[in-house]
Amino acid sequence: DTEVTQTPKHLVMGMTNKKSLKCEQHMGHRAMYWYKQKAKKPPELMFVYSYEKLSINESVPSRFSPECPNSSLLNLHLHALQPEDSALYLCASSQGGGFFNYGYTFGSGTRLTVV
Amino acid sequence: DQQVKQNSPSLSVQEGRISILNCDYTNSMFDYFLWYKKYPAEGPTFLISISSIKDKNEDGRFTVFLNKSAKHLSLHIVPSQPGDSAVYFCAATNSGGSNYKLTFGKGTLLTVNP
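Heads up: the protein sequence lines correspond to chains P and F, in order. If you count the first sequence from 1, position 4 lands on 4 in our numbering, and the numbers rise without skipping. Whatever position you read off the second sequence (first residue = 1), add 1000 for our numbering.
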């Protein structure tokens, strides 16, 4: 299995809703990431988990809450989002430990619309 | 402050010809560079990478060149095929860091015309 699976593919939520994005990989990768991508912009790093521990939070607002229940799963809990948070949310994984030979493996993303 | 720059938002090439996509970086700590390809409604797909100890890496039709003194890299696709039409992102990182963070450029939309 060489994929990163993200669910759901599309999500529409109101500003008072609570929802979660899910990401799963079974490649034995020990680093997992959340990126946010707005239209015509590059992916921007939000969070990095290394060996199931949060190692980077790029000053992301607390309405985004990541969780790594185990080495294969990564969640992003959403609460009280704003319309400007509408974007493509990408999950990625990598071997970690400095192994960059094959780069990240990205999921297809969740297209989030906040109304 | 954009640390990775792709100054050409788009590039159009005839099928069979060479496509050259350019990327510049400003952070001298970057020592590992990657190219990703992205189709609409899909996540980026890793294409090819290069370490700063090399100046060229080749994989089939794809070759990446690195000029460290100029802080410039380029991706050559030869021959270009219509299926290569996609957005290409250049990314860079400091592989000695412990955070595995990639910094992406804004991307270049490549269109290969039949």
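Check before you lean on any hint, since a few could be wrong.
[Stated by the list, open to error] Pairs of lysine-lysine residues, derived as PhoX-like cross-links and limited to a Cα-Cα distance of at most 25 Å, are as follows:
hint, chain 1, residue 1, chain 2, residue 2
1, P, Lys40, F, Lys1054
2, P, Lys40, F, Lys1056
3, P, Lys38, F, Lys1068
4, P, Lys41, F, Lys1071
5, F, Lys1101, P, Lys53
6, F, Lys1101, F, Lys1056
7, P, Lys41, F, Lys1054
8, P, Lys38, P, Lys9
9, F, Lys1056, F, Lys1005
10, F, Lys1005, F, Lys1101
11, F, Lys1005, F, Lys1106
12, P, Lys53, P, Lys40
13, P, Lys38, F, Lys1106
14, P, Lys41, F, Lys1101
15, F, Lys1054, F, Lys1071
16, P, Lys53, P, Lys18
17, F, Lys1101, F, Lys1054
18, F, Lys1068, F, Lys1054
19, P, Lys40, F, Lys1071
20, F, Lys1106, P, Lys41
21, P, Lys40, F, Lys1101
22, F, Lys1101, P, Lys22
23, P, Lys38, P, Lys22
24, P, Lys38, P, Lys19
25, F, Lys1101, F, Lys1068
26, P, Lys40, P, Lys9
27, F, Lys1068, F, Lys1005
28, F, Lys1005, P, Lys38
29, F, Lys1071, F, Lys1101
30, P, Lys9, F, Lys1106
[Stated by the list, open to error] Label-pair restraints from in silico Cβ distances:
hint, chain 1, residue 1, chain 2, residue 2, range
31, F, Gln1002, P, Glu84, 41 to 51 Å
32, P, Ser20, F, Ala1070, 43 to 53 Å
33, P, His77, F, Gly1016, 25 to 35 Å
34, F, Pro1079, P, Ala80, 24 to 34 Å
Just so you know, these hints were derived from the structure itself, not from any lab. Every residue gets a Cβ at the ideal spot worked out from N, C-alpha and C, and that includes glycine.
Inset, instruction - Take the C-alpha atoms of F:Lys1068 and F:Lys1054, compute the straight-line distance between them, and say whether it is at most 25 Å. - result: holds (9 Å)
Inset, instruction - With a cut-off of 25 Å on the C-alpha distance, tell me whether F:Lys1005 and F:Lys1106 pass. - result: holds (7 Å)
Inset, instruction - Compare the distance between the alpha carbons of P:Lys9 and F:Lys1106 with 25 Å, and conclude whether the hinted pair is satisfied. - result: holds (23 Å)
Legend entry - Cβ separation of P:Ser20 and F:Ala1070, checked against the hinted range 43 to 53 Å: holds (45 Å)
Inset, instruction - Below or equal to 25 Å on CA atoms is what counts here, so check F:Lys1056 against F:Lys1005. - result: The hint holds at about 20 Å.
Inset, instruction - Decide if the proposed pair is consistent with the structure: P:Lys38 and F:Lys1106, CA atoms, cutoff 25 Å inclusive. - result: Holds, at roughly 11 Å.
Inset, instruction - With a cut-off of 25 Å on the C-alpha distance, tell me whether F:Lys1101 and F:Lys1056 pass. - result: Satisfied, since the Cα-Cα distance of roughly 23 Å is no more than 25 Å.
Legend entry - Hinted pair P:Lys41 and F:Lys1071, Cα distance within 25 Å: holds (22 Å)
Legend entry - Given hint P:Lys22 paired with P:Lys38 - CA-CA distance at most 25 Å: Status holds; Cα separation ~19 Å.
Legend entry - Distance restraint between F:Lys1101 and P:Lys53, which requires alpha-carbon spacing of 25 Å or less: holds (15 Å)
Legend entry - Satisfaction of hint between F:Lys1068 and F:Lys1101, Cα-Cα up to 25 Å: Holds, because 20 Å separates the two Cα atoms, which is no more than 25 Å.
Inset, instruction - Below or equal to 25 Å on CA atoms is what counts here, so check P:Lys40 against F:Lys1101. - result: holds (21 Å)
In summary, the structure is inconsistent with hints 1, 2, 3, 7, 12, 31, 33, 34 from the numbered list given earlier, while agreeing with the others.
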